[in-house]
Each structure stands twice: as C-alpha cells, then as structure tokens.
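Quick mapping for you: the protein sequence lines, in order, are chains C and R. So the first sequence is numbered by the working numbering: it starts at 1 and just counts up by one. So the second sequence is numbered by the working numbering: it starts at 542 and just counts up by one.
Treat the hints with caution; some may be incorrect.
Stated by the list, open to error - Calculated pairs, DSBU-like style, for lysine-lysine (alpha carbon to alpha carbon, straight line, at most 35 Å): (1) R/K885 - C/K262; (2) R/K980 - C/K12; (3) R/K553 - C/K379; (4) R/K660 - C/K12; (5) C/K12 - R/K920; (6) C/K344 - R/K803; (7) C/K404 - R/K553; (8) R/K553 - C/K119; (9) C/K12 - R/K945; (10) R/K1068 - R/K678; (11) R/K553 - C/K439; (12) R/K980 - R/K1041; (13) C/K12 - C/K63; (14) R/K553 - C/K63; (15) C/K63 - R/K920; (16) C/K137 - C/K404; (17) R/K553 - C/K527; (18) C/K12 - R/K1068; (19) R/K1041 - R/K1079.
Stated by the list, open to error - Using C-beta positions, here's what the derived DEER-type ranges look like: (20) C/D182 - R/D799: 44 to 54 Å; (21) R/S584 - C/K522: 53 to 63 Å; (22) C/A317 - R/K831: 48 to 58 Å; (23) C/D298 - R/P861: 20 to 30 Å; (24) R/W888 - C/L358: 35 to 45 Å; (25) R/E952 - C/A408: 43 to 53 Å; (26) R/D834 - C/L358: 35 to 45 Å.
Claimed, not checked - These stretches of chain R come out as covered by chain C in the derived footprint (C-beta under 8 Å, 3 or more residues): (27) 549-563; (28) 718-731.
Simulated from the structure, these hints should not be mistaken for lab results. For each residue, glycine too, the CB sits at the ideal point set by N, CA and C.
For reference, the chains in residue letters:
Protein chains: 2
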Amino acid sequence: MGWLADETGLEKCAANFVPLTPLSHLNRALEVFPERTALIYGSIQRSYLDYHARISQLASALKGRGVQPGDVVATILPNTAPQMEAHFGVPACGAILNAINTRLDSDTVAYIFEHGGAKVVLCDTAFLPLAEEAIKKMHAPAPQIIEVADPEHGFAPGGHYLEYEDLVAEGDPMFQWIMPEDEWESIALNYTSGTTGRPKGVVYHHRGAYLATMGNLISWRMQLYPVYLTIVPLFHCNAWTHGWMVPLLGGTVVCLRDVTAKGVYDAIADHGVTHFGGAPIVLNTIVNAKDSDRRPFDHIVEVFTAGAPPPAATLAAIEPLGFNVTQVYGLTEVYGPATECTWKPAWDGITGPERADLKARTGVLMPMMESITVHDHGKEVARDAQHLGEIVMRGNATMKGYYKNPEATREAFEGGYFHSGDIAFMHPDGYIKITDRAKDIIISGGENVSSVEVEGVIAAHPAVSLASVVAKPDEKWGEVPCAFVELKDGAEASEEEIIKFCRERLAGFKTPKRVVFTDLPKTSTGKIQKFELRAVAKLLD
Amino acid sequence: MGWLADETGLEKCAANFVPLTPLSHLNRALEVFPERTALIYGSIQRSYLDYHARISQLASALKGRGVQPGDVVATILPNTAPQMEAHFGVPACGAILNAINTRLDSDTVAYIFEHGGAKVVLCDTAFLPLAEEAIKKMHAPAPQIIEVADPEHGFAPGGHYLEYEDLVAEGDPMFQWIMPEDEWESIALNYTSGTTGRPKGVVYHHRGAYLATMGNLISWRMQLYPVYLTIVPLFHCNAWTHGWMVPLLGGTVVCLRDVTAKGVYDAIADHGVTHFGGAPIVLNTIVNAKDSDRRPFDHIVEVFTAGAPPPAATLAAIEPLGFNVTQVYGLTEVYGPATECTWKPAWDGITGPERADLKARTGVLMPMMESITVHDHGKEVARDAQHLGEIVMRGNATMKGYYKNPEATREAFEGGYFHSGDIAFMHPDGYIKITDRAKDIIISGGENVSSVEVEGVIAAHPAVSLASVVAKPDEKWGEVPCAFVELKDGAEASEEEIIKFCRERLAGFKTPKRVVFTDLPKTSTGKIQKFELRAVAKLLD
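Pulled out of the complex, with its shape left as it was, chain C reads as follows (with noise of 0.2 Å):
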C-alpha cells in the first residue's frame, strides 16, 4: 500500500477531496457555459444559467414542501423537460429520483410505490390515472401527486393536483444545493423490469454516476457541445446517465416525447443532433421513415444501440442515411452500458456481412469499469469464440445493491463480481460476444441454441422486418426453437418458407420448428418481450 513514511497533515480536506457527484458536472458548466444551450423541448429551450435556475427553483420547492434528504421522488414522466429537470433537482435537495417506467401496470407501480417509500410523485397528465389506480391499490402512505401537464403536446392540467409549474414557482432560483458528504450517498432508485417475480430496486451512487458520465463520454468519443437526444427513456437507467452527461461538455439535451421517425428526424436537422442512444428496433424506425417524414441533414450521428445486436441488414440500411452505429451492451445494475464494441482502425476496410459481425460483438470494457469477462465455474473461459460462460463485470459504475434485498445483493455479487446472468463467449481478441441472455437460452436435446443466432439468420430473409426466437416445450427435444416474425409493409412469406431458410443456413437441431407471422409484443425501451412470447409458444401444438 503506497502510504508514504510519513502521512502526517496529508488527510483530505474540503480544498482535496469533493464527493464524486454528477451535480457537480452542471455546477461548473453554470460557471464554465452559461449561454449555452442546455435543454431543448418543445418550444422551450432554456440556457445553463436558465436551466441550472430552474433546476434550484425544483430542489427549493421539494425542500419547501417538506423533501427531505434520503426521502425518495418518483417520476411518471415521458423524456420530457421535467423529467430531465427532475434528474438534478431531487438529488440537489438531497432526495434520491425513482425514475418510474411509464408502460407499467398499476399493480407493479403499486408495488414501487410501497416498496420505494416516494414521498412525491412527478407525474404526467396522460399517466395520472396510472398513478391514481396504483395508489388506490397502495396500503402503505402514499406519495403526493404533483401533475406535469404538457399542453404544448396535447396535455392540459387537469386541475385536481399541484401543477409542476406552479410548485417549480415556489423555489428559490438561487436556492444552494444540498450535495453529497459522501459520495456512496444514493441518487437514484431504478426498479428493473423483472419478468417474473417482482421488480427488484436498484440503487445508484453518487460515485458511480459520475464516473459512468465520464466512462460514456469517452467510449462515445464525444467532445465539447455535443447535441443529445433523448430516445432511451430517462427512466431505462436514467437514460444510460446521458443526461448527467451532457453539462460536463456543455452540450444541448433535446427532449423528445414520443420516438417517430419524424420526431427524430426534425430534431436532427433542427437542432443538430450529433448522438443519441437506442434499441435496433428505433434503428428499424429509422430505416422504415415514410419519405415525408426524412430530413436531409450532413453531419454523421452517432448512436449507441444496446438490447440486442444490430441485425446486420439494418446497419447495411441505416449507415448510409448518415448513422454511425455503435453496439454497447449492460444492465440496470452497472448504470447501463459496460461494454463496447470499439472500432478498431483495422476493421475500417471491412464490409457487408462480416463488417455487421463485427459490429455485432458486445465488445470490451467501457473505461470505469475495472473488469469484464466471461466466467464458468468462477474462472475465464478459453478466449476461442466458442466456450461459453456468464458476463461478470466489477467496477465503480456497478449498483449499491437491491433495495431492502440484502440476499439477492449477496448473491449477484458472489465471488466480488456482478453476475449478469448473460451467456458468451470471448474472441480470441479479447472482445465478448453474448450469445443469450441467460433466461433465453433454448436446449433442445441438450444443445444449447442460441436465440440470437437464429433470429440473426431469420432477420436476412427479405420479407422480415423482425423476428423472436423462444423456446418451445417439446416431448422429445426438451425445447425447440419457436420463432415469432413481423413481416415488411406489403411483404409476404410462409411458415414452410421460413423454415427451409433456416435449414439452409444454420444446423437442424437450430432450425424453428414453429413460425407465427405477428405483431411482436414490445417493451417502453422496444425490447421484445419474450416473456409473453413463450406464453404463446406453450400453446402451440
């Protein structure tokens, strides 16, 4: 341990040691870019010195109607104005944001309700009867409304609760900030989306937030003044921490309410939008834009994609229109992204399909992170591209821990890393690459079939827009592929056809034994939500 003979007079004063917060990225850019443009919305559009106000006036006003701090602030909110302004002004009255998924039914909002403690809840007009409902199921005390109208999009205060404008009008715009002593202090509580059982809490530090803005920027190779737009929804790992982001760079967030082709496209040529983060399936919306909808613009927009790899036929469509996509791969549990799949200078003259295997890897370890690999039976498996083990990951942007779940800490943390619960395997390079989640992994006769693998190979069918691949229960097998398909616009295939596609390409034991042409059921962050389609499988004959 590098302790010096002698350490007399070197402790840590308020001139060395700041806690390590995120707040402190929009402290300096008020110092540092006050004219900047900070927030963008609508027709709002609000300078740091305007912003950073605004966000004092917030804290102010919780403060004043009896916010305290470590008590917990929960948000139904769209990626709106409020919900960026609510990500610094409850952690700068000391509160801790419970950014709470909007597509959520109201038993399991109850749940967080209760579960979480929110004293106030920040909710948008069109979720208040979300809200209402969940409350009313509640038998614990519960949080006070304050309505987020947005009547610029169509959402009129209904008059029933405090409106978010007129509580902001209560603080104090010089208002100081309560900071953090200690930056293990929490900032945020963000309940995974748990497909079974119930959602688990997770918490966030103040530590870990800030150097997950610095790891992000990084790996993103973003400079000064970047133009961030929102398509994660804040709520989804609080946008990745993007939006903590941002100030340190005195970049401009532009807030978009709902993901359209039209919506993203405006706000890139409008505002210039230089990145943003995203599901494939938006890379799809994209991709699928009515001609009315594009806007030419001549910059290249840089866009982390995570949830699932990019099918290689969507990169193939999107990176002409001027889209440079980058796979990141994480959970809720390490702030979001933890990986990347760096470019390397090398693979520049590379095209077509293998270029998309490329950009297909999970790749390598974001900078704060200390460590990924992927472990069976506790060590690294073989770097061949072919034995397979769990992501584990350790480092300073990983979670406190599950709210009041001190077992299921323990036991994601055993050993001193975080278990992911996701299948891979390592390249001879080094770079990971998932093969499953570990939840959608199928075994037919004792083979694992990797889901991804499949779709990968359904996805390159002309006539398919999208597809998911589950497990099927089978007699014989154990379980068979099952694969769920969303045809293009107009397009037209058979099971029969589908099948024989398969077989060409991949081995039989691989092959979907059932396809069903469908709407695929989606996520808020547009993840499938396989859950539902195993549900379905199991009813198949």
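Chain C is already provided as a structure; the job is to place chain R on it using the hints.
Positioned in the frame of chain C, the structure of chain R alone reads:
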C-alpha cells in the same frame, strides 16, 4: 444527505468499488488495445502487450530488489522510455514515484534524496555525476543507483551500477500489480522548483491522478488513439498526468529526449503526433525553426501551453503552421493544469490581436476541479475585468499536501481552498485572467504593475524575440519596471527605442526605466527565471 431509509446490504464491496488509480487505465488498455502502439522512443516501439509486460517486469524487479509498498523510488531522467515506464512500474509495486528535475544542482538533489527518503534512484547515464555528487553531500542513507543508459542517444552504460535493462530482465512479466487498497494512497512526490528556500514535496494521491487524466482529456477534446509527444518533462507534475492518461484512449506516447525544432517536426511527420503540451518558449522554437528542420504534415496539432500567456506574435505565426494553441494554467499542487482557456464557438471569426487577447485568458475550471475563482479577502472579486485578487481553487485534483510540512499544508489550504499565490482578475463571463505570479508583481508608487502586461507590449516590438520584466528597487517609487530582452537573430534595437515604444503604449508608471539586452535564464520547463533577473536588476544603476 442522500441515504435511503434502509441501507442494509448496500455497502461497498469488491464488485462495486475499486480505488481510483491511473494504473487501471493501463490494465484496461492491455485488454482493449493489446496490439496498438503504446510507446515510441527512437527505434523502440512497444505495443500495449509489450509495454504492460515491461512495466510488470520493472515493478517485479523493484520488489525483488527490496522496494516495498510505501517506499519512494526516485528518477533523474529526461523524457525517455524508462521514465515513462517508471510512471506505471513504480506505483505498480506500491511505491511512490519521485521524478526529480534533471536541471537541479547537487545540493538540492541531496536535499530531495534526504527529505523524500528515496530507496532507489533510476538515473540516466548523463546525470550520474549529479546523483553521485548529491549522494556525497548526504547525511542520511543514500538511494541505490540504477543506471539508465541510452546508447542510441550516445549514453553507453558506465559499468559501475546495475543497469536498467538488467534490472528489468530480473522481473516477471506476469507480476501481479500491487493496486492501491485506498485511493488516497500516494502515487507521486513532486518537489516544486521553489525559487527561494528549500523545495516543497507535493504529494499526489491515486484518486487525483485518475481524475486529472479524465479532466485533461475532456478539456483537450481528445478522442480515441491520440499520439502524444512528451515535451513537458515527466518530472514536471508528471507531465501534467498526460502519460498516465494516454492508455485510457489507446493512444501512443512518443518520448523525446531533447526538445528541438527538428525533434518536434520529425515526431509530427513520422509518428503523426496529435497533441503535446509545452511552455510558450517551445512555440517560439517551432516558429523560428530553420527551414531544414521543418517537415510538412496535414493535420492540426493540438497544443496545451502554460507558464505564460502565448504572445500575440507567436500565435499569429504558429497557427498557420498547423498548430492550435490552447492556454492552460495550473501549478504542481493541482497536478498541472486546472484552468483552460476554453474556446467559445462565438469567438470563431475573431482574428489578430483580439484573438490573441482571448487566447491569452487564463480561462475556466477544468472538469476535475470543483471551483476556481479569484478571492480578495476571502470573497470573489467583482467580475469586471479590473479588480485583482488571488486565484484560489478546490477539487479532486489537488495534492494531499506538502510532505513532512503540515504547517505549509495548512497555510496552503486555509479556508478550504488551495491558495495559488497568483494574481488575477475576472472577466464578466467568468474567465479568469492572470496578471502576475504574486511574487512577480511590481509595485511602483503604490500602483500595481503587471509584469505580464509590460512584457506583452515589448514582445510586440518587431526586433524582440523574448522579454521579461521584473521589479528594480527605486528610491523614489519603491520599485520600477526593468526589462530584459532577447532580440531576434540579426535584429537590433536600442534601450531608448524600446522605452519609447512602451511609453507610446503604456501608462508612464508601467514603462520600464531600464532595458537590458541579454539571453534570458530559463528553467528546464522553459520558464524564465525571474529571481535571477531580479538579482541583476538590483545591481543596475
């Protein structure tokens, strides 16, 4: 304080907390960028794989030779490959790096050896006489000398000491690094050049070194794969932490033993150098390069300059050559740069002297610092570009304190800020403008005269290459400005002519009363040694 109602099971553990240290950058580079070039020195080129292995060997060999965690390992080395390797290898065995300025006299080196207690010194063959002389003057146990030969540059091993390559050969390339268990552990001990009295030993913590690398790369708008040239000596604030930073981006450090125009141009043309830091005097060297030393290149080289504002004439000359110059300001106590003259897009169209004026601003706080301002009696001065005060700062890239000098530490950190001793005003937009190092201000007839201002005027004279202005004692006025001037090759000017030139542009009390034409004495980092000039000024009639 943001502690949740129930924090059970949410403590730090191996999965979610890793002490911050720049050592992590190199460990990650080994995983992510193994095949990329980490280091170039003369004919040496090392990949990250090799670089990491060499450093592991060095750490292992030092341990084998009895260096224990907490011990101090000194270096007396120019910017050679071993100096760069020591920056990682010494902390990788848990020891503290004490990089000693090669230009110091043997008395001072003896003092540093005794005060720092170095156990080993890695000493370049050229500086063996200095180390030997210093050791002769010591009363405490002397460090063991390891000779670092540099045959390619004309310094063959003398044969009296264990040679660096033989030491490295003793080590294990798979040595498990001794990582800090606490990020507050010490990583480096840097003695300030102290113009009067004994130098003070500034102690760096691992946390600050890590965060300084993050902040520097953001300010410098660096992306993946920079090529960094070592011009700032690594013994000067560890080259502003840049050597520790480069692996974070998979970049290349190009080591340069002697800073010459030819050396700089060759490195840019041969290795594609993208970034370097250096005093304005280095800019002059480039501007005044002989035609035969110049090499063409077609990218923009980003230059951080510090120590004095870049003169308008230098900027006007160097920018068309392909260099973008950004001024930064800092001190050893804050790991090098702490403010940067961040360029505003709104300034893009501005040219000539007005552009130089903007570029000469000291700037705004860099991302790893929490606050930098100008205090007069403990309060921020008015932002009116007039009121003078002392630059004070606080943040995570601030030293632990002065080694074995708790009193000086307490004084430096009084009131929760590090006191720089530098005098400045603030522009209305918050940009700081340094007017003088506190000790360099001239007080004439009760009026403060900024030596920097007078120097700027003299430097604009067409015959002048460099100017330095100091106080000369004066019976009537207390002090008067006295100028020391280096003329351009072949140029001529008289004392009267320079004084007249100044009188036309400056208030009478700011006009130098004497002008002396001479070569200016400089430190190893290119700073003009005003204390020597002051001594001369005293003796002038």
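Hints violated by the structure (listed by number, smallest first): none
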